[in-house]
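Just so you know, the protein sequences line up as chains G and H, in that order. Position one of the first sequence corresponds to residue 1 (this note's numbering), numbered consecutively onward. Position one of the second sequence corresponds to residue 1 (this note's numbering), numbered consecutively onward.
Keep in mind that the hints were calculated from the coordinates and are not lab data. Be aware that one or more of the hints could be misleading.
[Claimed, not checked] Some chain H residues judged to face chain G by a derived CB distance under 7 Å, without partners named:
no., residue
1, Gly-42
2, Leu-43
3, Phe-45
4, Ala-56
5, Gly-58
6, Phe-90
7, Glu-102
8, Phe-105
9, Gly-106
10, Pro-107
11, Gly-108
We put the CB at the ideal spot given by N, CA and C, even for glycine.
Residue-level listing of the chains:
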Amino acid sequence: TQLLEQSPQFLSIQEGENLTVYCNSSSVFSSLQWYRQEPGEGPVLLVTVVTGGEVKKLKRLTFQFGDARKDSSLHITAAQPGDTGLYLCAGEPSGTYKYIFGTGTRLKVLA
Amino acid sequence: DSGVTQTPKHLITATGQRVTLRCSPRSGDLSVYWYQQSLDQGLQFLIQYYNGEERAKGNILERFSAQQFPDLHSELNLSSLELGDSALYFCASSVDLLAGNEQFFGPGTRLTVL
Numbered sequence: 001t002q003l004l005e006q007s008p009q010f011l012s013i014q015e016g017e018n019l020t021v022y023c024n025s026s027s028v029f030s031s032l033q034w035y036r037q038e039p040g041e042g043p044v045l046l047v048t049v050v051t052g053g054e055v056k057k058l059k060r061l062t063f064q065f066g067d068a069r070k071d072s073s074l075h076i077t078a079a080q081p082g083d084t085g086l087y088l089c090a091g092e093p094s095g096t097y098k099y100i101f102g103t104g105t106r107l108k109v110l111a
Numbered sequence: 001d002s003g004v005t006q007t008p009k010h011l012i013t014a015t016g017q018r019v020t021l022r023c024s025p026r027s028g029d030l031s032v033y034w035y036q037q038s039l040d041q042g043l044q045f046l047i048q049y050y051n052g053e054e055r056a057k058g059n060i061l062e063r064f065s066a067q068q069f070p071d072l073h074s075e076l077n078l079s080s081l082e083l084g085d086s087a088l089y090f091c092a093s094s095v096d097l098l099a100g101n102e103q104f105f106g107p108g109t110r111l112t113v114l
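My request is simple: use the sequences and hints to build the entire structure.
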């Protein structure tokens, strides 16, 4: 079974702090997506990483794809209460034709 | 607004019943995905259709079925409903198989089985 393990599972931090969320697998992915989900709503796509070692920045969010394309990380600088939500990595392990989501990281940023 | 629409938004029904959830993908998207999200299971991939054909199956029960019509909208049919089928059901769409699988999600249908 292909899994995408995310850590930490829960994170509660103060406004202005930095944080990193990790997404790990034993499978190789041709690309990985990161989504953010608010309660009761569908996930919203944040970014896609495609090339091993790729780094993408989206304002205060920095996404990195591992060199071997088996893992990814999301770093948030100076977190704000508006960053609160469920962060999900997702992708299709090469050759499986099955899109899977990570276990999720629930982030709460306190004002 | 992702451009993906789902109806109905809420559905309350009884055990043993059958329901149909409907999804309209974003204009131009050929792929439709169905997901189930419950509190204890996270977001689970059910099935994917591409241009009317089934492309991939995930953890979809035999009591569930789906199809994608020529106009590309999709329906997910859930039958012989059980209490454990209560969940949020999401539909997502993407342009094609080579688009990095970037998916755009609808607002979901909350199914409650009593």
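Hint by hint, here is what the structure shows:
no.	hint	result
1	Gly-42	holds (6 Å)
2	Leu-43	holds (4 Å)
3	Phe-45	holds (5 Å)
4	Ala-56	holds (4 Å)
5	Gly-58	holds (6 Å)
6	Phe-90	holds (5 Å)
7	Glu-102	holds (5 Å)
8	Phe-105	holds (3 Å)
9	Gly-106	holds (6 Å)
10	Pro-107	holds (6 Å)
11	Gly-108	holds (5 Å)
Taken one by one, the earlier hints all hold for this structure without exception.
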